[in-house]
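Q: Letter by letter, the chains look like this.
2 protein chains.
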Amino acid sequence: MPELRKDPVTGRWVIIATDRARRPSDFVRDPVTIVGGRFCPFCAGNESKTPPEVLAYRDHGEANSPGWQVRVIPNKFPALRVEGELDRAGEGIYDKMNGIGAHEVIIESPDHFLTTANMTERQIEQVLWACRARILDLKQDIRLQYILVFKNHGEAAGASLEHSHAQLVAMPVVPKGIYEEMEGARRYFEFRDRCIYCDMVRQEAADGDRVILETDHFLAISPYAPRFPFETWILPRRHGSHFEAASEREIPNLAWVLRMILRKMDKVLERPAYNLVVHSAPLRQRELDHYHWHIEIIPKLSKIAGLEWGTELYINPTPPEEAAQFLREAGLL
Amino acid sequence: MPELRKDPVTGRWVIIATDRARRPSDFVRDPVTIVGGRFCPFCAGNESKTPPEVLAYRDHGEANSPGWQVRVIPNKFPALRVEGELDRAGEGIYDKMNGIGAHEVIIESPDHFLTTANMTERQIEQVLWACRARILDLKQDIRLQYILVFKNHGEAAGASLEHSHAQLVAMPVVPKGIYEEMEGARRYFEFRDRCIYCDMVRQEAADGDRVILETDHFLAISPYAPRFPFETWILPRRHGSHFEAASEREIPNLAWVLRMILRKMDKVLERPAYNLVVHSAPLRQRELDHYHWHIEIIPKLSKIAGLEWGTELYINPTPPEEAAQFLREAGLL
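Same order as they appear, the protein sequences are chains A and B.
Residues 4 to 336 in the numbering used here are what the first sequence spells out, letter by letter.
Residues 4 to 336 in the numbering used here are what the second sequence spells out, letter by letter.
In case anyone wonders, no lab produced these hints; they're calculated from the structure.
Some hints could be false.
Treat identical chains as interchangeable: a pair holds within one or across any two.
[Claimed, not checked] In silico BS3-like pairs for lysine-lysine, Cα to Cα no more than 27 Å straight-line:
| # | residue 1 | residue 2 |
| --- | --- | --- |
| 1 | Lys52 | Lys270 |
| 2 | Lys306 | Lys52 |
| 3 | Lys99 | Lys306 |
| 4 | Lys270 | Lys179 |
| 5 | Lys9 | Lys142 |
| 6 | Lys9 | Lys52 |
| 7 | Lys52 | Lys79 |
| 8 | Lys79 | Lys142 |
| 9 | Lys99 | Lys142 |
| 10 | Lys270 | Lys79 |
| 11 | Lys99 | Lys52 |
| 12 | Lys9 | Lys79 |
| 13 | Lys270 | Lys99 |
| 14 | Lys79 | Lys306 |
| 15 | Lys9 | Lys99 |
Using the sequences and the hints, build the whole thing.
A: Here it is in structure tokens:
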């Protein structure tokens, strides 16, 4: 019997359609393979082919030369640009502003063939520190309201270059989806005087059915009302609204959790393409009692049917309790 | 220079990134081709291979035999089921209900190879009447809150069978995206005492830059803040909140408009896959002053980058003024 489940933060109802494909092997899988062989501007030695770096963690060498482990550069084809004044205007019933912002690429390693799942914990940790450092720097630009940190892995997930990289888009507005999460979490806090994500961590840890793994600092779960099969959330146990305020203990632990989750997905779902997005409070908000930063990972398994656009009606064939069990029980490759 | 534009109904900001691919020929196109050659349960003569029809418009023949022009059947693998009592329950912080509803398929023609764009106006009109009739019938079931009518054309848009068909999902909740549209339109009405879509029709018709075509009853536009390249909306000129209350004059005119738009897309975008969704007010709402039913069509051109999930940050390379011009000026195939 299918079931309708409501995401407690956004209020989105999702259909869990249990009569359809549900097990990992029921999905048409298309493993991400790093082919190489073509010129790659992200590889060590090709630094001159990218815009000059804005940050690099390196053992040796000068800026824009080899010797780095993680390198951050402006996107060569940026969605938003840093130059100019922020200019707001109306056109009758419509509103617009010019595209002020920043769009940067975090090259996660000098090695073309190394996927995030196959990196060392230490390497992933450096990537996380680099993201944090860029947010703290860009946050000083008071025109910016939000910085979205994300990663597309595999062509099916929208990655245009196969060399492992994350991205950040800094923008003068708050994305609608984040705004809605904030509003939903605020309403819950007004009603109960508790953070909804803290309640989620407590309930999921006690229940256990949807837990994939837990550490001292994080809980990785299949959420109660997932839009997609094997959608996975990583929630910090300690309340905090901003990713960039994660502690020196949390960041290394997060690197360990991310590596484990990505390796489990590689094993259970056969090296899937995926999207990873960091959800964090807007830059101009002080530390908030009602919002709780977290990471959402969506492996690209089922075709989007198109129904989702505008309606946000998702039909998910895999109950999260089953997805969590597959991932929880998977050994590592 | 990129530009940020705000959708006036939902408040969603979209990046119009004018430095990227923008013209029809810049997209990797993958024309939808009807291959045939395999057994098709939707073809005339195979009626016994589907669940029994719930509606058919036919010249001759008995129920579940050939002779029909349009045939409506329950989906063999329904996302929701009509049997049982609607049962709501909580699980700690979560809410759920059992999957009560209906999921039907509207087979648009007995001919396997006929796409909607290549049908006669009269045939498309019959499909629209069939959708309307099914809504009016299902609306009597007071457990149902919403009926979503949609069409996925082409495998890339999620169609699993190539024989032209639309679908409807009737459900006991209102989809989040529709709820948000209703709320946005309500806020505008409270502020201005006018329907925002009526204002949109007036402003777009007067301005003309984003108009693709107009008739006595409808306006087809590239919306001001489109999420996707060549996204197209069809708005009725006459205010009305429910699609099923469209008049006997509007339905034939809508068939003409739909046929024209789909043929223009076929020509300009080379027979693209697309998703079409009817946006209408919830079933239990009386006729509303603030909401205005309409149709949204999204051709499947660019890869979804994954950023959109949860954040609803869309980066659209094609300004709607350019998309509208291409479609407006296209002759027909």
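Q: Determine for every hint whether it applies to the structure shown.
A: Hint by hint, here is what the structure shows:
1. Taking the closest pair of Cα atoms, Lys52 and Lys270 never come within 27 Å of each other, the shortest separation being 35 Å inside a single copy and 39 Å across copies.
2. For the identical chains of this complex, Lys306 and Lys52 are inter-copy neighbours only, at 26 Å across copies versus 35 Å inside a copy, given an alpha-carbon limit of 27 Å.
3. Taking identical chains as interchangeable, the C-alpha atoms of Lys99 and Lys306 lie at most 27 Å apart only when they sit on different chains, with a minimum of 25 Å there against 33 Å within one chain.
4. When the C-alpha separation of Lys270 and Lys179 is checked against a cutoff of 27 Å, the pair qualifies neither within a copy, at 34 Å, nor between copies, at 34 Å.
5. Proximity of Lys9 and Lys142 under a CA criterion of 27 Å is satisfied inter-copy only: 23 Å between copies versus 34 Å inside one chain copy.
6. Proximity of Lys9 to Lys52 under the C-alpha cut-off of 27 Å is found in neither arrangement, the shortest distances being 48 Å within a copy and 35 Å between copies.
7. For the identical chains of this complex, Lys52 and Lys79 are intra-copy neighbours only, at 10 Å inside a copy versus 54 Å across copies, given an alpha-carbon limit of 27 Å.
8. For the identical chains of this complex, Lys79 and Lys142 are intra-copy neighbours only, at 21 Å inside a copy versus 53 Å across copies, given an alpha-carbon limit of 27 Å.
9. In this homomeric assembly, Lys99 and Lys142 come within 27 Å of each other (Cα to Cα) only inside a single copy, at 22 Å, whereas the closest approach across copies is 40 Å.
10. Neither within a single protomer nor between protomers do Lys270 and Lys79 lie at most 27 Å apart by alpha-carbon distance, with minima of 34 Å and 33 Å respectively.
11. Taking the shortest alpha-carbon separations for Lys99 and Lys52, neither the intra-copy value of 34 Å nor the inter-copy value of 53 Å comes in at or below 27 Å.
12. In this assembly of identical chains, Lys9 and Lys79 lie within 27 Å of each other by CA distance solely across copies; the values are 25 Å between and 40 Å within a copy.
13. For the homomeric pair Lys270 and Lys99, neither the shortest alpha-carbon distance inside one copy (45 Å) nor that between copies (31 Å) is at most 27 Å.
14. Within a single copy, Lys79 and Lys306 get their C-alpha atoms only as close as 30 Å, which misses the 27 Å cut-off; across copies the closest is 19 Å, which meets it.
15. For the homomeric pair Lys9 and Lys99, the shortest alpha-carbon distance between copies (6 Å) is at most 27 Å, but the shortest distance inside one copy (33 Å) is not.
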